[in-house]
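Asks: What follows is each chain in one-letter form.
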Amino acid sequence: MNLLFELPPLPTLRDTMLIVPELMLTLFACAALVVDIALPRGKKSLTAWFCLVGIGFVALALVQQYTLNADKLPVDAFYQMARIDGLSLVFRGIFLLAAALSIVLSVKYLDVENEQRGEYYALILFATTGMMFMAIGSDLISIYIGLELMALTVYVLVGYLKRNERSNEAAMKYFFMGIFSSAVLLYGMSILYGVTGRTNLGQISEAIAGYTQNGQLQGEGDPRMMLILALVLIGAGLLFKIAAVPFHMWAPDAYEGAPTSVTAFMSVGPKAAAYVLLARVLLFGLGPLRDMEGLPGWSIMLGVVAALTMTVGNIGAVTQENIKRMLAYSSIAQAGYIMLGVLAGTQMGYRGVVFHLVIYTLMNTGAFTVIISLHRKGIIGEKVDDLNGLFAKAPGVAVMMLVFMLSLAGIPTTAGFIGKYFLFGSLIQSGKPWMVYLAVIAVVNTAISFYYYARFIRAMFLNPLKEEAPLTLSQPMRVTMAVSAVLVMLFGIYPQPLIKVADLAAKSISTVYAQASGIASN
Amino acid sequence: MTFEQILFILFAGIVVGGAASVLLQRNPLYSAFSLITTFVGLACLYVTLKAQFLGVVQIVVYAGAIMMLFVFVIMLLNIRDEDTAVDPNRFLVYLTIPLGAILLGALLYVVTKVNLAQPTGDEGGTVERIGTNLLTKYLLPFEATSVLILMAVVGALHLAKREKE
Numbered sequence: 001m002n003l004l005f006e007l008p009p010l011p012t013l014r015d016t017m018l019i020v021p022e023l024m025l026t027l028f029a030c031a032a033l034v035v036d037i038a039l040p041r042g043k044k045s046l047t048a049w050f051c052l053v054g055i056g057f058v059a060l061a062l063v064q065q066y067t068l069n070a071d072k073l074p075v076d077a078f079y080q081m082a083r084i085d086g087l088s089l090v091f092r093g094i095f096l097l098a099a100a101l102s103i104v105l106s107v108k109y110l111d112v113e114n115e116q117r118g119e120y121y122a123l124i125l126f127a128t129t130g131m132m133f134m135a136i137g138s139d140l141i142s143i144y145i146g147l148e149l150m151a152l153t154v155y156v157l158v159g160y161l162k163r164n165e166r167s168n169e170a171a172m173k174y175f176f177m178g179i180f181s182s183a184v185l186l187y188g189m190s191i192l193y194g195v196t197g198r199t200n201l202g203q204i205s206e207a208i209a210g211y212t213q214n215g216q217l218q219g220e221g222d223p224r225m226m227l228i229l230a231l232v233l234i235g236a237g238l239l240f241k242i243a244a245v246p247f248h249m250w251a252p253d254a255y256e257g258a259p260t261s262v263t264a265f266m267s268v269g270p271k272a273a274a275y276v277l278l279a280r281v282l283l284f285g286l287g288p289l290r291d292m293e294g295l296p297g298w299s300i301m302l303g304v305v306a307a308l309t310m311t312v313g314n315i316g317a318v319t320q321e322n323i324k325r326m327l328a329y330s331s332i333a334q335a336g337y338i339m340l341g342v343l344a345g346t347q348m349g350y351r352g353v354v355f356h357l358v359i360y361t362l363m364n365t366g367a368f369t370v371i372i373s374l375h376r377k378g379i380i381g382e383k384v385d386d387l388n389g390l391f392a393k394a395p396g397v398a399v400m401m402l403v404f405m406l407s408l409a410g411i412p413t414t415a416g417f418i419g420k421y422f423l424f425g426s427l428i429q430s431g432k433p434w435m436v437y438l439a440v441i442a443v444v445n446t447a448i449s450f451y452y453y454a455r456f457i458r459a460m461f462l463n464p465l466k467e468e469a470p471l472t473l474s475q476p477m478r479v480t481m482a483v484s485a486v487l488v489m490l491f492g493i494y495p496q497p498l499i500k501v502a503d504l505a506a507k508s509i510s511t512v513y514a515q516a517s518g519i520a521s522n
Numbered sequence: 523m524t525f526e527q528i529l530f531i532l533f534a535g536i537v538v539g540g541a542a543s544v545l546l547q548r549n550p551l552y553s554a555f556s557l558i559t560t561f562v563g564l565a566c567l568y569v570t571l572k573a574q575f576l577g578v579v580q581i582v583v584y585a586g587a588i589m590m591l592f593v594f595v596i597m598l599l600n601i602r603d604e605d606t607a608v609d610p611n612r613f614l615v616y617l618t619i620p621l622g623a624i625l626l627g628a629l630l631y632v633v634t635k636v637n638l639a640q641p642t643g644d645e646g647g648t649v650e651r652i653g654t655n656l657l658t659k660y661l662l663p664f665e666a667t668s669v670l671i672l673m674a675v676v677g678a679l680h681l682a683k684r685e686k687e
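Protein sequences, first through last, are from chains A and B. Residue numbers are given in this note's numbering: position 461 of the first sequence equals residue 461, and the series is strictly consecutive. Residue numbers are given in this note's numbering: position 37 of the second sequence equals residue 559, and the series is strictly consecutive.
The set of hints was computed from the structure by calculation and includes no laboratory data. Keep in mind that this is a model prediction, so the values were computed, not measured. Every residue gets a Cβ at the ideal spot worked out from N, C-alpha and C, and that includes glycine. Each hint should be verified, as a subset may be incorrect.
As the list claims (entries may be wrong) - Now the in silico label distances, taken between C-beta atoms and shown as ranges:
#, chain 1, residue 1, chain 2, residue 2, range
1, A, A31, B, M590, 33 to 39 Å
2, B, K635, A, K162, 47 to 53 Å
3, B, R684, A, K466, 38 to 44 Å
4, B, L630, A, I493, 54 to 60 Å
5, B, M590, A, L68, 48 to 54 Å
The shape of chain A in the complex, shown without the other chains (with noise of 0.2 Å):
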């Protein structure tokens, strides 16, 4: 054929090698919808089944990757569309991790609820494929891609329970709400490529750390203005994913109204992966404005957000009686104290981000784990006082939960604690004079978030019980809860091996945002 143009390369069997894992998913999530056909009613709850194994084999995938791959990190693949490095592996296997206790503990809520159907195990494959499409993107239409297959299937799986108003109503409130911050987010990546005439990360922090040189901006005109503007409307899209103060209207109303398992889901997986994103565009993309002279850069910005996210959502926190809603304000401090990891800017943050961010999916999955089990037929079972007394019935699972709480308010000898002390410590180890007042807030917050994580524990252990319906606990959601209060426990005492799969992250971001730093000052 005749072209009037060179043809670029072909795609390569290497670059398809590079998103196994993403295309294996992809498929178990097709295959889901055809197991769901092929089982009779009342079988239905086996896709749960299928599904976690088809976790499992991407699992084994992403090991397999990382073998092949480990002395070669970073890989570019499609174009430099992904980006396959030590940040993308780690957080697959969060995004797998959150997927599959999400998936073990929904199995019982439905059969409750009376609505087991395959799609929901589907959807929550497809929304995992998402995040791990935002997790090895590395340009800005990719990411996007990634992020809207997330974000849609949450929308859907908010609304899941249909004959159920408050499942509509969240889903109505987060669908609105979400694709007003997908349209933010995009007018201020229209505006990046605008000014930089780039969509790959890598390249735009290339063409923004060209526009200054010793100090000097280089050509006419100052670019920087137009820049924060991108900056600001990015940042914006992204603080709404990540539900951080003042984007954070949404979260307790859709956390409350969307089904308890969909829940637990979406404050851990997705969450993470807005963070994945949060951490590529400002670090990899704009890391040459992290500080600008003479103009706000975006660590000061990012350091206001997670002042008032943390004390926002403590402080929301305390007030709640529902517990749904108690955890959203819960996540919504913690999404505080996770930035703070970003902002420090030195390899002890990034690692606290990393290691948080796996802790902190064990355990909100967990005491989600025992939240469903409170939710009986007839029984919603989702306020405070639903958990009196329940060391008497099951002293196991309120054992657990005690775990979960002590690790969420940051208590020694739990991992909770490791995470906030690489978070805090990193901003005292940066001896800006800003960055240690935020170390200070932090604390306080953490001194405020004792209060309600104790309201539950008191609950538990000091009132009489209420009523003497059993709860609804599976079999392998006993299994999974236990094995995570354990890991929660043994992290706490014995982070070594989880702080080594964080560096691994960690590494990935510093070198490269070293480099890019590098560019701005020479």
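Fit chain B to the given chain A structure using the hints.
Replies: Below, chain B without anything else, positioned relative to chain A:
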């Protein structure tokens, strides 16, 4: 003023006028029709920017298919007057004016201060070019989009399916 500039001002006027009309119409149906004007104006702008294919797609997909759906939904919902009443929180309405003005001011200020990146080469938005790019450089997002659409179909089916009691 060159011929190109005159065309740009003409089409940009159609786009902005259409967009303003979308907001100002009381009847949602007229708003939808105004949106078509905006889309046609945008399509013309694309053509002047040598993105012929994008211009045609804009007409076929947006002005044709998507607007048709909009109009269908509006007519099916049969919106009555009381549904379009202004929100009782009127102060919010007035709050949007200064906030919008600030945003507009900031945008204008920034745009006048900045040199935008120059278009790279004279490649043109031909079908050939776009097709080649979609299946090479943008293959990954292109395929990811197909997963997205599949998921959207599954989700929409679940939400819209009639329950057997």
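Asks: Falls inside 33 to 39 Å, the C-beta gap from A31 of chain A to M590 of chain B?
Replies: Check passed, 35 Å falls within 33 to 39 Å.
Asks: Please test the hint of 38 to 44 Å on the beta carbon pair from R684 of chain B and K466 of chain A.
Replies: About 39 Å separates the Cβ atoms of R684 of chain B and K466 of chain A, which means 38 to 44 Å holds.
Asks: Measuring from beta carbon to beta carbon, are M590 of chain B and L68 of chain A in 48 to 54 Å?
Replies: At 50 Å between Cβs, range holds.
Asks: Using the Cβ atoms, figure out if L630 of chain B sits within 54 to 60 Å of I493 of chain A.
Replies: For I493 of chain A against L630 of chain B, whose Cβ atoms are near 59 Å apart, the range 54 to 60 Å holds.
Asks: Evaluate the given range 47 to 53 Å for the C-beta pair formed by K635 of chain B and K162 of chain A.
Replies: holds (51 Å)
Taken one by one, the earlier hints all hold for this structure without exception.
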